[in-house]
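> Top line first, the protein sequences correspond to chains A and B.
So the first sequence is numbered by my numbering: it starts at 1 and just counts up by one.
So the second sequence is numbered by my numbering: it starts at 233 and just counts up by one.
Some clues are possibly wrong.
Under the rule of at most 27 Å between Cα atoms (straight-line distance), these lysine-lysine pairs were calculated in the DSS-like manner [as the list claims (entries may be wrong)]:
id, chain 1, residue 1, chain 2, residue 2
1, B, 556, A, 35
2, B, 680, B, 294
3, A, 137, B, 680
4, B, 854, B, 799
5, B, 430, B, 556
6, A, 2, A, 35
7, B, 609, B, 773
8, A, 137, B, 648
9, B, 583, B, 551
10, B, 677, A, 2
11, A, 80, A, 193
12, B, 420, B, 681
13, A, 22, B, 681
14, A, 22, A, 2
15, B, 401, B, 556
16, B, 918, B, 854
17, B, 294, B, 283
18, A, 137, B, 681
19, B, 294, B, 430
20, B, 550, B, 420
21, B, 677, A, 22
22, B, 294, B, 754
23, B, 550, B, 583
24, B, 430, B, 299
25, B, 964, B, 648
26, B, 799, A, 137
27, A, 35, B, 558
28, B, 680, B, 799
29, B, 931, B, 918
30, B, 583, A, 22
31, A, 22, B, 680
32, B, 677, A, 137
To list a few chain B residues with every Cβ distance to chain A over 12 Å, as calculated [what the hints assert, rightly or not]:
id, residue
33, 418
34, 528
35, 653
36, 950
Hints are computed from structural coordinates only; laboratory data are not their basis.
Where is the CB? At the ideal position from N, CA and C, for every residue including glycine.
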Amino acid sequence: MKFGIIVFPGTWSERDCYYALKNVLRQEVDYIWHKEADLSHYDCLILPGGFSYGDYLRPGAIARFSPVMTSLEAFASQGKLVIGICNGFQILCESGLLPGALLRNDHLEYRCQWVYLKAENNQSPFTIQCQNGQVLKIPISHYEGRYYADSATLAELEANKRVIFRYCTPAGEVTDAANPNGSLHNIAGITNKRGNVLGMMPHPERACEAILGSSDGNIIWESIIASIQRNT
Amino acid sequence: MPVSKETLDEIALSEAEYQLIVKRLGREPNDVELGMFGALWSEHCGYKHSKALLKQLPSRNKRMLVKPGEENAGVVDIGDGLVVVMKIESHNHPSAIEPYQGAATGVGGIVRDIFTMGARPIALLNSLRFGPLSDPHNRYLFVGVVSGIAGYGNCLGIPDVGGEIFFAKCYTTNPLVNALCLGITRSKSLVRAKAHGKGNLLMLVGADTGRDGLHGASGLASKAFQEERELRSAVQVGNPFLEKLLIEACLELAETDWITGMQDLGAAGLTSSAVESAARGGSGIEIDVLKVPRREKGMTPYEVVLSESQERMLVMVKKEHQDKVKALFARWELDSQIVGEVTDDGLARIKEGEKVVAEVPVSLLTSPPVYRRRVKKPEWLKQLQTFDILSVPDLSPRKAGATLLQLLASPNIASKHCVYRQYDHQVGNDTVVPPGSDAAVLRIKETKKAIALTTDGNARYCYVNPYLGGVIAVAEAARNLVCSGAQPLAITDCLNFGNPEKDDVYYQLKECINGMTRACQKLRVPVISGNVSLYNETTGKDIYPTPVVGMVGLIDDVARHCTSGFKSEGDLVFLLGEIRTINSSIGSSEYLELIHGIIGGNPYVDLELERRLHRCCLEAVKRGLVNSAHDCSEGGLAVALAESCLVNHLGFISDDWKIEARLDATLFGEAQARIIVSLPPRAAWKLQRLAARWQVGAKRLGTVGGTRLTIEGCIDLPLEELREAWWYGLEKCL
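Next up, chain B with everything else stripped away, as it sits in the complex:
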């Protein structure tokens, strides 16, 4: 074999994969070709470890306009001739190395995926995971990531409306930075990422191409590289101003008939964007690297086709319109250059002037092997799951108040306002519900409609039970949407896992996707796009399995949306859904880890009840029965009640709950399928009748009023004290 094992290691190909390439190609690939295979057969582009599992996720319903993977992002019809385009993507490894630029270019990448389809980006969300802030390195990563998102996103004029942040030890030195973008357009203006029509031109627009990002997330590197190049930064540097110009120019272009397609340059740069476009169009492409504008001298063809320089777009231009397209870009002060053309021979041909430097069938580059493995449930997982909750002493009523304050101040539960006030969450004049509620709500101008958006994924649940964790990630996202009055429409998911070549991690991935699949089927929400980020590990230790579910929902009448805070004195407060106290529901809870330092015990979810609860809640909000609806999640009932109080500074006085079950599970257990609503007393019978019709429990908890949170027999605290803990909890750790 003419290629060393080191070289293969660095482009993340196995020897068997190399042999497969030689066999299919009928010869040894040259350096450039091998680099292209390495990129396109990487997990990032080729999904070789996850494809077989991802296939089972439901991906169809009548509102879906494209299949997952068929385009840059999923498309959902929202009526009135409008579609929303949505995708989430990770930028974990770059953010671990250089948090500001890693996070910034993560935002840049996901935004390009949206406007490349002709949709104007109208919302960003971020799902972030970090190690504990007591470690100065984690604080550095946290501050860098948040400022990177702010620095890039604010400059683009796209509101950042939500997301979540969660802290756990496993993310130390391997933070997770997932960015979600949603765009909107008329269905007739959608642009596809297909290269077709022999003789149409490939035009490269935006930034010049440099050596940045060559050793990027896609695992591209070669020992043949000279040393100086190896030392170059693996993380690209973002230029949000250039991206803003690209957005406006490309959206203008999308309204013309001068082009046949558009595709942004992301991981694996020109290689993946040109080859994948050709694969979608069933065509071939020919590119001359000498025509690619460079920012550095002496770049080799290998470097040009694999560079991950940011803010570049590939446009498939109809030959007769090329001058008009160039003029349009020039008006936006953007450089554009014809670098090649579409062919009909099914080959990806890279030339350097007249010399052919690579020539490989497109179909071969885009069909990496797909791996499927049989794995057993790890022993350590069985132990975690069978952890006996009864071995933990119950909470004494005297300590309940202090425990609530401790939970509210925990960075996982405390207010995230010190983060989202750094993001412009209002630009666009659509933000009806800003960050901080269960879901963000954006109105759709010139209609009565609104969309609701959320991201969710409790990785502690997934660590203890990947299947149930997967179920809950989907269920919780849907629950957040129905609380805001939105019918869940579609999911975009980002699966952040460890090294899939380890059996335990593969088991987690498989089980988690199984759980998500089950919940998607039950709740009838398809997955329309997504991203997989594997190999998240540091010094051999894998992160928690962390699926992040981004979900969009539709509100028919924006005037009928709902928020989480109590609204008026005298309103009655009801718990809908799982009204029993499940003693085991402190399993894997925030309470169990924070107070007892224990991670273990299965989380509790009843998916059938969950489905009925969502229908019930949605109907209650749509009919205007309730004044508030809040999902009961991390920290359980007591935390959810406190949060509903703190929004509008309105207190709560409980009825006598006659607590017979464990007090810790009653107050802080995290059984799923629970929503807290408040409503005027005169509407209570209507709610009860509605709940009975959906066979959903409805238990009266108490009354809104005063300026204290009182739960008879255990908690009686002034709201100021709760607010102090919750509002400053995260800020104090920084």
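Excised from the complex, chain A in its bound form:
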């Protein structure tokens, strides 16, 4: 099993993803420069966080045109797993692989803080190791993380259980006060229709060791590993 971490100019959480997967979860991992086209060696691709192309124009708006994105689309269409974290989520929305958009936080400030996420659907390949409704402590770090979609899209997401994570209180209540950026329906992460592409604003790679404040992120990585093992 092999993970590939895609690196654009300006990406910065590739090293954290690498460390979490390699040193904590003992997985095989490669960095993939955004100009590469051959993704056939990989079982799961990660679009990590950062400021690809400086977030100039709009976050993700330039990175979506990188050569690797064509191959990534083909990769996803085979049903293989793709996880976009933070800037990765923004790139997935810009490229149309996920619906909706990530707007500037409602309070107009950058936010780096711990948040609590309710795992809404534990049938997803990204959450199969979660209890349904389990609360995960994972941090956010973004300026543009307010999930927005039109009401038809939102209804479709909800009806098909494509909302995977919602911001909640430590006790698991989905409230306005627990919403750190004004996301509609407290949405922190969604999947595509087929369920194999996840975008999430919080950073699971930062929550893999108790000494850093939480190891709940491992539940997501272990879910991915278990899903891949189940399918091979």
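Keeping the supplied structure of chain A fixed, place chain B upon it in accordance with the hints.
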């Protein structure tokens, strides 16, 4: 004299200095040469007023790998083949003019100083000073500076893990923005900023050169300039994305043997970076300005060599490897251009095509005059220091609770979370203790070790007593580190002062450095790098003398680090160090200014006790005796206790303290050398024995428990009320 006084004024050279240049050069310098002298002989680059004083700061010990000033930043060996590289720098004046870009490019500049040495930047800290937030202009500066730091730093993926913010009237319109960066690398990968080896090439990488920053902090300007240029912004605009590419490319380059050195372009641009590199390497340099990629047409040689455009690096490339170096940069989508070469004639030669436009000995440019003055203690300072504390009526017990709430809500003491939540403080996966504790703690991957970082400098103390203020700045930083379980290793300091040509300011500078020197010697922490920012004044009024001490410490076992919050019900709380109440310790305190509107009276510090306390605390943390350790500083004992309660929402009930001294000094006095620890009752005798061995006082204060802060006879408040004041105190002012 062919040069007008106005011209000299604008490049900040005196007539005597001009005559010295003519004498040493044996002729009149031309415009370009004069501009280069102005830049390199400025206080910013040449330290002419501060060098003689700075020399006395201790700068050596066995862990230090380079001398201060020898490289872009200081280097400390932390074992396991690893070194940390650290420096702090000011960007005060640019931030006063354009707070967002001023602060942003301040971050950019200090980060370049670190990766230019081949070290990956892993932490940023910011020490900020502003005027009161009741003034809308100060709010504008505050919001702009904080967003500038966030905007630039977050984009780079370097965690911003700490610092401090302090408000006082003297910083109105002259905020202080000091940025500290720390990097880490293997000692064998360190890159020096030396230009040597005749025929090696000078390669300029990164942004094109524009006219921005020509009138920058280094005081570069000339009346000969045309008007339109004078109107151009003096503040550079940052491009953090470009900087991020430079970081990755330069760190990759540092692992090769294709280069002999690297140097970033900061103040005075190409001039200082090329000339200083040549001086370090004992060589000369030749640059052709026509080869420098420009962003504007019609730039003169003067403008090209003195431009302060951001995000540029000068790389000293071995001739035979130039194609490989160019290819490496191209892969990172960076432009690079050979602009000159290293020579062996000891001259800095600037050409425009074939025409030589400047030719001056490097040694002459890098040896500005050094000034030393005899000054007397100002009369007004004597009055401030002899202020009689007894003339202030003591606090009545009935008012103690309300006073505590007032102090907790004061922007100088209140939680700074509304600032640091805007900074990514976690990226890098090393942040074990985030901002908000006494010191930030970052683990060092693949070792058991961690480093702790802090910045400190109480300028009110320095205003009233520059010597004691200097002592305390160092002592407090070290105290913050030992509270987290770290052995203090090294200091980087930023000295922010007023106009040194005034006797009073020179006196402050001299006394403050004396105080810092004394504390550095006593606590055995060397100063490995730093920066001086003088001429901080507005409408003729100088700022408080503001030394900022950035200190790094080493934790051998990250599992044994310590934090400031109480951890469990039933733990006993002890005060270590100065256990007597010193009545005079409300001198220069936050309490005295906030409640009585008085600034005066010497702060109180016992440096000998401080040294023993640090050893004692460090041993207590290392042996795992204590569950929390918190430095007692602004706001005194009562504020420190409240802070320890608020971290984990655990209350405190005092023993009967039998208060005989003044109540205000007991609760809010700011005597130094005090640390509050909590520990399980069964370990109390061990702590007491340890304290006795180090001849450090240990006084039992009370017990952790409940959800109130109770100090018998004067304070009894629910934690919610304390939290409300402390958590929202700063936010409410914005």
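> Would you mind confirming whether the straight-line C-alpha gap from residue 550 (chain B) to residue 420 (chain B) stays at or under 27 Å?
holds (19 Å)
> Does residue 583 (chain B) pair with residue 551 (chain B) here, judged by a C-alpha cut-off of 27 Å?
holds (20 Å)
> Verify the proposed pairing of residue 964 (chain B) with residue 648 (chain B), using a straight-line Cα cut of 27 Å.
The given pair, whose Cα atoms are some 12 Å apart, holds under the 27 Å limit.
> Is residue 680 (chain B) within 27 Å of residue 799 (chain B), Cα to Cα?
holds (23 Å)
> Assess, step by step, whether the Cα of residue 294 (chain B) is no farther than 27 Å from the Cα of residue 754 (chain B), and give holds or violated.
Distance of about 16 Å is within 27 Å: holds.
> Is the straight-line distance between the alpha-carbon of residue 550 (chain B) and that of residue 583 (chain B) 27 Å or less?
holds (22 Å)
> When you check the alpha-carbon spacing of residue 137 (chain A) and residue 681 (chain B), does it fall within 27 Å?
This hinted pair holds, its Cα atoms lying about 26 Å apart.
> Compute the least Cβ-Cβ separation between residue 950 (chain B) and chain A, then decide whether it is above 12 Å.
The claim holds: residue 950 (chain B) sits with its nearest Cβ about 21 Å from chain A, beyond 12 Å.
> Decide if the proposed pair is consistent with the structure: residue 294 (chain B) and residue 283 (chain B), CA atoms, cutoff 27 Å inclusive.
holds (24 Å)
> Given the proposed pairing of residue 420 (chain B) with residue 681 (chain B), does the C-alpha separation stay at or below 27 Å?
holds (20 Å)
> Check whether the Cα positions of residue 22 (chain A) and residue 2 (chain A) lie no farther apart than 27 Å.
holds (10 Å)
> Does residue 193 (chain A) lie within 27 Å of residue 80 (chain A) when you go C-alpha to C-alpha?
Cα-Cα ~13 Å, so holds.
Going down the numbered hints, you'll see the structure goes against 15, 19, 30, 35, while the others check out.
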